[in-house]
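> What follows is the residue order along each chain.
There are 2 protein chains.
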Amino acid sequence: MPPTDAQIIAQALVEADLRGMNSHGILRLPIYIHRLQQGGFSPISNFDIVKETPSTSLIDGGNGLGAVLTTQAMDLAISKAQKSGIAAVGVRNSNHNGEGALYVSRAVQAGMIGIATTNASPIMPAWGGTTPITGPLPLAVGVPTDKADPIILDAALGMSSRGKILYYAEKGLELPQGWLVDADGNPTTDPNWINKGGWILPIGGHKGWGLILICEILSGLLTGGAFGRELTNLYDDAATPQRNGHFVIAINVESFISTDSFKQRIDKYICEMKSSDLAPGVDEILMPGELEARRRRQQLSKGISLNRKVVDNVISLGKELGIFISA
Amino acid sequence: MPPTDAQIIAQALVEADLRGMNSHGILRLPIYIHRLQQGGFSPISNFDIVKETPSTSLIDGGNGLGAVLTTQAMDLAISKAQKSGIAAVGVRNSNHNGEGALYVSRAVQAGMIGIATTNASPIMPAWGGTTPITGPLPLAVGVPTDKADPIILDAALGMSSRGKILYYAEKGLELPQGWLVDADGNPTTDPNWINKGGWILPIGGHKGWGLILICEILSGLLTGGAFGRELTNLYDDAATPQRNGHFVIAINVESFISTDSFKQRIDKYICEMKSSDLAPGVDEILMPGELEARRRRQQLSKGISLNRKVVDNVISLGKELGIFISA
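Protein chains in written order, with this note's numbering: chain F, 177 to 503; chain B, 177 to 503.
A hint or two may mislead.
Copies of the same chain are indistinguishable here, so a pair counts whether it falls within one copy or spans any two.
Stated by the list, open to error - Derived BS3-like pairs (lysine-lysine); straight-line CA-CA distance at most 27 Å: (1) 372 - 450; (2) 259 - 227; (3) 227 - 439.
Simulated from the structure, these hints should not be mistaken for laboratory data.
Generate coordinates for the entire structure from the input sequences, incorporating the hints supplied.
Have a look at this one:
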């Protein structure tokens, strides 16, 4: 893999761990390596521009790595938005791209508002159905601020994450109502259904389902790439490309009002929200991404906290590949 | 008011009723007239372009009518997206703009994907707070199709609508869990809290809250217009402008793949979803906007069903204004 691409992947995984989003962190390294070895990921991420207008580009990723392609897509959107105010880039024939926060943060660093979404292998049916046809897709939005931490919303549009439900199962706990259904679509509080054909409900029922559908349309259908049942999972056959599509938008703040003025207005609004009276049991009002920004600062100075098993896996992977890793 | 603008308002109200969204229909005519008389709405909707780039425009609406300004904003976005692939238009100093579905449908008619949002007077606090600072803001997205009804998602990002909760109150029914909190932010199933300082919860808790925050940022903060507590309600002092902001995006499908191919892909995906096995109690899988499209066809041929009180109000308003209305 070209060193610059390897660096992007390393940064994507470490940044996720730094922000405390371990499910998108170095935990994924073994499967990434395995797919590179088996042909499910191409080590060369061709960023092939299939179609272009002043404010849009369509990219064929040639089965490259999702994080590399989405980073390049957002950088292209930022550069186009600098000239034309807003730009969108769609990517097809890509793979798992990790945390959307990473890409919208690039827009934020350029003083822009960034939006990113992706499709994923089918584990959730259409609203009212039971046949899996999409996933609880993520929508990420980043907004630049002045002194406050940037607003980084990165939300899978499901009521819970798979990881959280597995945690309930492991601890033998009942789930809250409204998170999960069984394989027939009946409401359940038994977390074990997650492994027996049940699925996570979208946020707000049919409303969240509608938002997920839009994410699938932008990432899969508009890009001319794979959609719905055509995608495969990261942990399925490692020789088969996943065929994910991604869609990113960059909005140049300066095209509307001065970036300085915008950032000050955002800070003022954050300040107003934070000075709100608090609901029972709440200590502090947090903006989207604020907790992750705090964790990042803390772990940058004190080191990243990782699960022992994840560390062991990385070390044994290093041995396998003849790379010495000290731990 | 210029006749073309009057026509836009008439169409906005009647279209909402046709689609069965009566809360945005002719029900609003009396307050619109009252505000026009009192100065809260300016009859002349100045569409003043404050700033412009190839793919963006910022509009000062000079206290004009929301539906007129948002219609013009979407038409401008469509015309810009025809040249540059994607375009966004922000509007400030506007007022209540009704149903987002109306504006994204204009993009759909032009073969584009349309997105529309707005801010609104504060009735909902930041997540964790109790001081109202925004509303359960709406996000609308329209997607063109081939033979299927267009996908028209128009969702307020709250767990329920005010109208639905008032219905529960009127019937003396308990609300489902998770819709409403009391004035201190405690969960409640008593619908009467809607009139005593309680508020509707965002979809998916902090996730929906994050999405609402983004809608407020695009509509209010990025446009340099009013945000949060600066906005007033449609039914507050009729002489005071509401100061709503709106934000619309048009994405030209043709900039990515051919519109024909896109529409066929969408139809194929809809077909796949509709042929899914059904969850218990479900007769049919519906796409966002499909029920409204059916109601529209039905009411176009059989007439619009309206509440008697709404009709009486319009008739007496007609008498007041010296306009003969037969009913």
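> Each hint needs a verdict: does it hold in this structure or not?
These are the hints, each one checked on the structure:
no.	hint	verdict
1	372 - 450	between (42 Å within a copy, 23 Å between copies)
2	259 - 227	both (18 Å within a copy, 14 Å between copies)
3	227 - 439	between (34 Å within a copy, 18 Å between copies)
When each numbered hint is compared with the structure, no violation occurs for any of them.
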